[in-house]
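Engineer: So the chains spell out like this:
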Amino acid sequence: MTNDRPWLPYALILPSVAFLALLFVVPLVQTVWLALSENGAPSLANIRTMAGDINFARSVQNTFLLALAVIPVQIAIALAMGTLVSKIGAGRETILWIWTIPLGISDLAAGMVWLAILQNTGYLNSLLFGLGLIERQTAWLTYQTPVALFIGIAIAEIWRGTAIVMVIIVAGLNQVPKEFREAAEVFGAGPWTRFWRITLPLIRPALQSALILRTVLAFEVFAVVYALGGRNFPVLVGEAYAWQNQNQNYGVAAAYAVLIMVISLAATLVYLKIVKVDPERLP
Amino acid sequence: MKRLLSFGILATTVAALASPSLAQTVFLSTQLRPIEEATVVREEILKGLDAPVDYIVEEPPQFAVRMEAERQAGKHTISLVGALHGELSPIADKDALEPLDTLAAKLAEAGMPQSFLDLGKLGKSSQQYIPWLQATYVMAAHKDALKYLPEGADVKALTYDQLIAWGKAMQEATGQPQIGFPAGPKGLMARYFEGYFYPSFTGGVVRTFRNADAVAGWETFKELWSVVTPNSTNYDFMQEPLAAGEVMVAWDHVARLKNAISAAPDDYVVFPAPAGSKGRGYMPVIAGLAIPKGAPDVAGATAVIEHLTKPDTQLLTATHVGFFPTLNIDLPTDLDPGVALLAGAVKATQSAEDAVISLLPVGLGDKGGEFNKVYMDSFQRIVLQNEPIADVLKSQGDVLAKLMADTGAACWAPDAASDGACPVE
Amino acid sequence: MSTAMKTAGFSSSRRLLLWSGIVALCAWVIVPIYLVAIGALGGRTGVYQWPKTGLPTGLSIEPFLLFLKTEGVVQSFLNSLGAAGITVTLSILLGAPAGYALARYTFPGKDGYRLLVLLTRAFPLAILALPLTVSFIRLGLYDTIVGVGLIHTVLALPFAALVTQGIFLGVPRELEEAAWVFGCTRIQAFFKVVVPLALPGIVATAVFAFVISWNEVFAASVLTVRNRTLTAYLLTVLSESPMHYRFAGGLLLILPSVIFIFAVRRYLFAIWGISSK
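Residue numbers (the numbering used here), protein chains in the order written: chain A, 1 to 283; chain B, 1001 to 1425; chain C, 2001 to 2277.
One thing to keep in mind: the hints can contain errors.
Straight-line Cα separation of at most 25 Å, SDA-like style, residue types lysine to any residue; simulated pairs [as the list claims (entries may be wrong)]:
(1) Lys1186/B x Ala80/A
(2) Lys1293/B x Glu1151/B
(3) Lys1094/B x Ala41/A
(4) Lys1222/B x Glu1151/B
(5) Lys1394/B x Thr49/A
(6) Lys273/A x Lys178/A
(7) Lys1121/B x Ala1051/B
(8) Lys2069/C x Glu1043/B
(9) Lys1293/B x Pro201/A
(10) Lys87/A x Val2073/C
(11) Lys1402/B x Pro201/A
Since the hints were derived computationally from the structure, they do not count as laboratory data. None of the values given here were measured: they were computed from a predicted structure.
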């Protein structure tokens, strides 16, 4: 578009910038200052308290591990959903609606759902018991079973968070012109080749949005983890809440929040670099 | 789109118009939150008042944020708060509560024990809150568990060794550990260490944090933990695992056991926590009523406090919830059977010959949470991560010593009194 | 020729595979929700039953009725609608122009703007609660539905901006330019050409904003005392209630979002661009 009025885009974004500045940036700056000061003077005391805490290293590790385990699976499931649904005609909308339901489910409710399934007297144990695979209630969510706990949390997160990825990716797949795939088919490309060589590169913008959004949300994971693992599986946001609420030390809580923000920003920049997208097609 | 917009605007207007605009005394409480209890408070307990009271409940984290925000902004909505001793302490620490000395003097005459009223001073010279309700922690067991009780053990006067033997017998018989503790993120496990474990094994809480008795105590506790269900670190309220049959024996706050016991009072026994080498530690829980400085309706709030501390109201409250009067009065005989069971155990705890009372921390201000964290971190490292006891106690003891020095809090019972900050020996 | 025959030969087994995949993924989403519904409607005994059958026996809507009868539920439901209404309105009014700018123009600071927008999602909102509450009290927005709506807009705005950007990218600019040629002003062209094409996507954005506001708990409960939203109200009431009440509350929270998504399912996938098929 001809840019004869260079001020126009700024006029368009101005209201939202002003709004965010007032309601987000101001408290954000206050919070960053809270993290980096002590009694009104600049200080790294809060950062030191944070880094010296017994759960700090574990919460960093857990948050990253969970993100690494969950995001690829979510992308894969979303791609599978997109591919499957593109092959059917009737019932498409209903199926997409069903797959989108978790989008409307809050973290709290999702944690409750999976706790009902995975707790000792839950449905999973009932099923295994009914099948004769276990003789009595088995605990899956304790500190003694870290692997099962991790898998349980990952499954709950995948259940809850895949819908948003799916929406983005299905929309992206919709935009891939049929002609490309048909042309590839004519040239004898198999389904896998078509997928890797044609579809995937073409949905890059959607993929990038999905990755960025999902990663930012993955570093914010909290309510589901808290419902299922309690203190057994410390994550960054959970630690921030604990410092704010249980320990009532707002400075250290702010330090955690700043750390989470820095990590999310870094991840976003990495995606922007790795998944290169034609700037015109940026989502 | 247009329809959606106008719908949104319409809904907003409706909501705005429908909001109550009556001048009511706003009473914000972190206690008596569950739906049935809050309804009882609104419809029965606060019924006898002339002026209308708006009873609002709040989770403790949001409560803390809100009180701090109202204080910082200097504009107040809330006239009366009802919260635990530990939740009121950070607010009092910032000088944000009205002194209530006249009320306290009246209540002392009406028979409220001076020891309770003193707790309400929170280490200051004036009365910060009025004790409203009291409770403590007890143990509950399903009656099926009693047959595994070791020979010669009296469930009303257990020792730690007997509890461990009991736990082992239950585990052997059922194949699963059957004892549970509320060691989840919202559980009150820190109070177990401060009010039960340390007083029972060391006769102190802060001074004795890392002495030889403490090391021996932690060894016993590790042995006990081997027959405690590993799910304990997920439990916040023991009433659910008890009712679900996940555990047969549990320790918790009476209000957090109440649902299970009241639902099936014939299935349970309730009894005092076990005794260690230095006695049977126990900790009272006090919920208090306080008026924030700058409250919009001080007169109304005072009237509510007077109403809630009347003998009749206190009895009415006790019959409905797992808390008991702070006034020195006898409970009615027609209590809810579950509440009666709990009351019996509370009485047994207080009157036990070997009882060691552990008071609530005083003078920690807003460091109460970090104080709890010292005990929970020690637990996590010693028991869950199996680190050497002496090393953990040494490093956590340093953290505790710094905390006490920073706050300057003097020792409280059962620790011997101190001049200045309570030392970690 | 040979490919066609192969396709025909495989078609039935591939169809089977396709549908079993679809059914499996549907079950994966639905079964957990079904189990919560059973927990909510099964009453106290159902929650503590072992082993559980997973069959809908002994259902009753008693816990639900208890909720609806409780003082404040209807009011907080209205409050939730109000806050969500404000969130939807504001996030579209503020987000859509920004999305349009991001879609149509290249300008210095564009990346910075996108980062700012993402930041709002990257920072745990609850940690901002204290400074926000203080300023809200000073501004007189404390304990008002407008205040809650404003904060929810902060959360919904990034979605609105990013999503509408995708939508406007999907409206061919040639169409817009053609309208100019036919004598429309820019503004006329926008409202006559772009808006009708982008409308389904904007509706979907509205639903996103609605769902975000509907589900948000922490800010809503800290910023209000009497004018609670439904989520905030349920949170404080539920956390210590017996399990079957909690499931009932959980279901009560899930249902409206699901219904709203159902209402606009058709538009949902227009979100990241109008289908070019």
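Engineer: Verify the proposed pairing of Lys87/A with Val2073/C, using a straight-line Cα cut of 25 Å.
Structural biologist: Roughly 45 Å separates the two Cα atoms, so the pair is violated.
Engineer: Within 25 Å, alpha carbon to alpha carbon, are Lys1293/B and Pro201/A?
Structural biologist: violated, 63 Å
Engineer: Verify the proposed pairing of Lys2069/C with Glu1043/B, using a straight-line Cα cut of 25 Å.
Structural biologist: holds, 13 Å
Engineer: Do the alpha carbons of Lys1394/B and Thr49/A lie within 25 Å of each other, as the hint requires?
Structural biologist: holds, 18 Å
Engineer: Is Lys273/A close enough to Lys178/A, meaning Cα to Cα at most 25 Å?
Structural biologist: Given that 25 Å is the threshold and the Cα spacing comes to 29 Å, the pair is violated.
Engineer: Would the hint linking Lys1293/B and Glu1151/B be met if the CA-CA limit is 25 Å?
Structural biologist: violated, 57 Å
Engineer: Given the hint that Lys1121/B pairs with Ala1051/B, does the C-alpha gap stay at or below 25 Å?
Structural biologist: violated, 28 Å
Engineer: Check whether the Cα positions of Lys1222/B and Glu1151/B lie no farther apart than 25 Å.
Structural biologist: holds, 23 Å
Engineer: Does Lys1186/B pair with Ala80/A here, judged by a C-alpha cut-off of 25 Å?
Structural biologist: Status violated; Cα separation ~39 Å.
Engineer: Tell me if the straight-line CA distance from Lys1094/B to Ala41/A falls inside 25 Å.
Structural biologist: This hinted pair holds, its Cα atoms lying about 20 Å apart.
Engineer: For the pair we were handed, Lys1402/B and Pro201/A, check the Cα-Cα distance against 25 Å.
Structural biologist: Not satisfied, since the Cα-Cα distance of roughly 58 Å exceeds 25 Å.
In summary, the structure is inconsistent with hints 1, 2, 6, 7, 9, 10 and 11 from the numbered list given earlier, while agreeing with the others.
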